[in-house]
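Asks: The whole structure should be built from the sequences, with the hints applied where relevant.
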Amino acid sequence: MEKVYYTINEKLAKQANDMMSFRDYKIGRKTAEYQLYVKEAYDLADKIAEVKPEQADKVYGLADCYAKKLAENMNKASRIGCMCPSVMISGPANFPIHKKEKQNAAMSKNYIEFQKIQEILDGMENILYGKEQIRSGDTDVIRKLEEKLENLKANQEKMKTVNTYYRKNKTLEGCSELTEEEKIQLKEEMSKDWHIESKPFASYTLRNNNQNIHIVENRLKQLKDIKEKGTQKIETSFFKVVENTEIMRLQLFFNNKPEAEIRDILKKHGFKWSLKNSCWQRQLTNNAKYALNQIIKQLETIID
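Take the sequence shown: its letters are residues 12 to 315, numbered as in the numbering used here.
The hints are simulated quantities; they were obtained by calculation from the structure and are not laboratory data.
It is possible that some hints are incorrect.
To be verified - Straight-line C-alpha distance at most 30 Å; calculated BS3-like pairs for lysine-lysine:
id: 1; residue 1: Lys69; residue 2: Lys171
id: 2; residue 1: Lys14; residue 2: Lys127
id: 3; residue 1: Lys198; residue 2: Lys232
id: 4; residue 1: Lys50; residue 2: Lys14
Fair warning: this is a prediction, and the values are worked out from it, not measured in the lab.
Replies: So, in structure tokens, the structure goes:
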């Protein structure tokens with residue numbers, strides 16, 4: 012996949028540097044910094060695509076999003092740097108303190124945005140290690156949950172087998188279930204003060220994993236039951252209700268734009284306007300159905 016790098020404004024970067032520092036700025040320095048960040052994102056995407064080819068389009072899309080947002084953020088940082096010079100550059104006489112305060116606030120806000128952009132990489136790593144959030148509206152949610160359930164069960168059996176091996180042999184050497192790296196990691200954890208049980212995987216670890224198995228099993232059953240019913244449509248006096256099992260959304264379609272008072276009621280009960288679907292919607296759950304009933308009751312009291 013071709014790596015896309017967006018433009019870094021080097022002229023602006025140099026101007027910001029000269030207003031904030033006595034250090035000379037070498038043209039291309041900020042572009043090089045930017046490209047190192049983006050290369051990391053694309054290298055991660057390559058790694059994911061190799062082991063999970065079905066996720067290739069998604070992760071390369073995330074890498075491109077990362078590259079674009081990061082370029083915008085870094086160029087914005089340069090613009091903020093040009094707002095006000097450093098007191099060391101301009102001197103203390105008539106220094107614009109209020110302007111510097113605004114600049115500092117903008118810098119802080121931009122850095123928070125930078126940290127949010129880095130979370131894109133965290134999300135990509137979660138995909139690589141099978142920890143990504145599985146949304147009910149995903150088109151392949153059933154497959155993802157079944158895969159997650161299979162991994163959880165395999166991990167449960169692995170932990171039980173390793174604990175049994177250690178109980179019999181009092182060592183992890185020769186345990187075929189573990190890689191050498193895993194053996195080293197487990198030995199380090201067992202040497203910690205908090206690891207009070209004489210086994211590699213603590214009882215609470217097995218309990219937590221087993222609980223996650225039950226949670227995924229229940230969620231999988233509920234989703235299968237809902238999807239098996241298929242999309243349901245109901246007409247009310249106020250709007251058409253669609254239980255859209257394709258994208259797992261409870262949707263409300265009005266003939267006309269609802270009044271402000273009605274929109275406030277919808278928002279209060281978790282419904283949001285979807286420009287794409289031209290309706291008010293929220294995730295299709297039992298809570299959403301309960302909220303729908305509450306909305307209808309409220310509308311009956313304010314609409315004749």
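Asks: Does each hint fit the structure? Answer for all of them.
Replies: Status of each hint after checking the structure:
no.: 1; hint: Lys69 / Lys171; in the structure: violated, 35 Å
no.: 2; hint: Lys14 / Lys127; in the structure: holds, 22 Å
no.: 3; hint: Lys198 / Lys232; in the structure: violated, 38 Å
no.: 4; hint: Lys50 / Lys14; in the structure: holds, 8 Å
When each numbered hint is compared with the structure, violations occur for hints 1 and 3.
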